[in-house]
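Start from chain Z and add chain B according to the hints.
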Amino acid sequence: MARRLILSGNDAAAEAMRQIDPDVVAAFPITPQTELMHKFAEFVADGDVKAEFVLVESEHSAMSATVGASAAGARAMTATSANGLALMWEIVYIAASMRLPIVMPVINRALSGPINIHCDHSDTMGCRDSSWIQLYSENAQEAYDNVLQAIKIAEHPDVLLPVMVTFDGFIISHTAEVLEVLEDAEAREWAGEYKARYSLLNTDDPVTFGPLDLQDYYFEHKRQQVEAMKNARRVIQEVGEAYGKLSGRSYDLLEAYRLEDADTALVALGSTAGTTKVVVDELRDAGRKVGLLKLRAFRPFPGAEIKAALGGVKTVGVLDRAISFGAPGGPLEKEIKAALYGGEQTVGNFVYGLGGRDMSMGDIKSVFDELDAISAGTQSVDEPRFVGVRG
Amino acid sequence: MSDKAWTEIPMAGIIEEAGNAHTYETGSWRTYRPLWDSEKCIHCLSCWIACPDSAILVSDGKVTGIDLEHCKGCGICAFECPDKITAIEMKLETDIADD
Chain Z
1 MARRLILSGN
11 DAAAEAMRQI
21 DPDVVAAFPI
31 TPQTELMHKF
41 AEFVADGDVK
51 AEFVLVESEH
61 SAMSATVGAS
71 AAGARAMTAT
81 SANGLALMWE
91 IVYIAASMRL
101 PIVMPVINRA
111 LSGPINIHCD
121 HSDTMGCRDS
131 SWIQLYSENA
141 QEAYDNVLQA
151 IKIAEHPDVL
161 LPVMVTFDGF
171 IISHTAEVLE
181 VLEDAEAREW
191 AGEYKARYSL
201 LNTDDPVTFG
211 PLDLQDYYFE
221 HKRQQVEAMK
231 NARRVIQEVG
241 EAYGKLSGRS
251 YDLLEAYRLE
261 DADTALVALG
271 STAGTTKVVV
281 DELRDAGRKV
291 GLLKLRAFRP
301 FPGAEIKAAL
311 GGVKTVGVLD
321 RAISFGAPGG
331 PLEKEIKAAL
341 YGGEQTVGNF
351 VYGLGGRDMS
361 MGDIKSVFDE
371 LDAISAGTQS
381 VDEPRFVGVR
391 G
Chain B
1 MSDKAWTEIP
11 MAGIIEEAGN
21 AHTYETGSWR
31 TYRPLWDSEK
41 CIHCLSCWIA
51 CPDSAILVSD
61 GKVTGIDLEH
71 CKGCGICAFE
81 CPDKITAIEM
91 KLETDIADD
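Protein chains in written order, with the working numbering: chain Z, 1 to 391; chain B, 1 to 99.
Be aware that one or more of the hints could be misleading.
As the list claims (entries may be wrong) - Computed list of chain Z residues with no C-beta within reach of chain B, every gap over 10 Å:
1. G47
2. V54
3. W89
4. M98
5. E344
Stated by the list, open to error - When the alpha-carbon atoms are kept at most 20 Å apart in a straight line, the in silico SDA-like pairs for lysine to any residue are as follows:
6. B:K4 - Z:Y217
7. Z:K222 - B:M11
8. B:K72 - Z:P211
9. Z:K230 - B:M11
10. B:K4 - Z:D363
11. B:K4 - Z:P211
12. B:K4 - Z:L259
13. B:K4 - Z:S199
14. B:K4 - Z:F219
Source of the hints: derived by calculation from the structure; they are not laboratory data. Please read all numbers here as calculations on a predicted model, not as lab measurements. Glycine included, C-beta positions come from ideal geometry on N, C-alpha and C.
Extracted from the complex, chain Z is given alone in its bound form:
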């Protein structure tokens, strides 16, 4: 029996962590992630979890402690945002290449400067090549559901890669929402017990972790990571389906929203996908054939599924909440375009919401209007458009 609660995104993710009760959690505060760890610290102080709670002196140490715990065979988690993720950088790559199934909520925030604490995706987009799986959440419900699914995906023997569960800073992390959570017993049974393939603490069968890896083997180990990412596509779907049976909410790599006969469609990540659904409904009521492709898994990137989902669409607008300076478009647009290569679609790029700039329903409607202008040939797609920027 599910329970209905009112929780912020941070509290929802902390609730999932409480139910999982990992062996080790490392914590260092950074806005807007701080409240997540406040909540988890409360669970620790109240004796609601048995997790070893490690208060570290920086995010570099938070990720290092998590790596050490995971290599020892523990189920280990931490959480961060923006500059914290940037400070972890070196160990973020090491966690993935050591194939440690760490789960880390990343509460999306602009990676400075000038200093800004509000939402965009520049932090997680920056580490898209780090071999971490990235699941984007539309709301607090998905943040909760994704954390629970992430441990199953990360720890799957065909995957063994760390997972970032991302959700938009403040927009999701600090907004109270009604959501359903599993009963503790259900969640614990779902999480199960993590049995690591190797453990640094197993003196009966000692192994070496992280040795020097030069010209003779390094490339082969990178090839293994490619395969693990490939396997993750299947595992994310399998876990999403199994979670659906348990909770009534099933998940896939992406979600096609009213795309079946759409002429124009937007592609979005995170909370903006939710706003776009409302706009799509309104425009559909007005007789316009519009739709949305919400991408849940950005890593692994489900290119074939995207191509199939957008197969009948004539004009596609890609919403990027990040800039890749000097590149022809935003990070999402470049990959969507590559996935659609050889197809008939025209693709326009819309960069929006940097540093937490609001993306209102009116803004999204105006993007759909621009897509119509692109379809009519009166607007070019040579350059990205910057939604709501002055001047």
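Only chain B this time, still in chain Z's reference frame:
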């Protein structure tokens, strides 16, 4: 260079076999070779304690030689050998080859 494919090796560079440094011969890295003089040696084992590669061969508490398949020629053994004894001399490999 190994000929094993990516499908045939443990993930992440994990080494599953303990103590396998023994099978990895590092002797070819050496520039200077330690020459041990059994006549001068007093078997204090200072070299054996200090050798970072466990390359000092010992039997029944006595030094019996140097494992040249693993000795990297760092010279710590010669440095640690008591000043009055100097039972180990470091010599350029190229000079030995010339000899």
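Inset, instruction - Please work out if K4 of chain B and Y217 of chain Z have their alpha carbons no farther apart than 20 Å. - result: holds, 9 Å
Inset, instruction - With 10 Å as the threshold, tell me whether G47 of chain Z passes as away from chain B on beta-carbon distances. - result: holds, 36 Å
Legend entry - 20 Å limit on alpha-carbon distance, applied to hinted pair K4 of chain B and D363 of chain Z: Violated: K4 of chain B and D363 of chain Z sit about 55 Å apart, past 20 Å.
Legend entry - Distance rule for E344 of chain Z, whose beta carbon must clear each one in chain B by more than 10 Å: holds, 38 Å
Inset, instruction - Test the statement that M98 of chain Z is away from the interface with chain B: the closest C-beta pair must be farther apart than 10 Å. - result: Its Cβ does come within 10 Å of chain B, the nearest being 5 Å, so this is violated.
Legend entry - 20 Å limit on alpha-carbon distance, applied to hinted pair K222 of chain Z and M11 of chain B: Distance ~9 Å between K222 of chain Z and M11 of chain B Cα, so the pair holds.
Inset, instruction - With a cut-off of 20 Å on the C-alpha distance, tell me whether K72 of chain B and P211 of chain Z pass. - result: holds, 19 Å
Legend entry - Hint consistency between K4 of chain B and S199 of chain Z [alpha-carbon to alpha-carbon, up to 20 Å]: violated, 24 Å
Inset, instruction - Over 10 Å to the closest beta carbon of chain B is the bar; see if V54 of chain Z clears it. - result: holds, 23 Å
Legend entry - Given as non-interface: W89 of chain Z, which should sit over 10 Å from chain B by C-beta: holds, 19 Å
Legend entry - Hint consistency between K230 of chain Z and M11 of chain B [alpha-carbon to alpha-carbon, up to 20 Å]: holds, 15 Å
Inset, instruction - Given the hint that K4 of chain B pairs with P211 of chain Z, test it: the Cα-Cα distance must not exceed 20 Å. - result: OK: K4 of chain B and P211 of chain Z at ~18 Å, within 20 Å.
Violated hints for the displayed structure, listed by number in ascending order: 4, 10, 12, 13.
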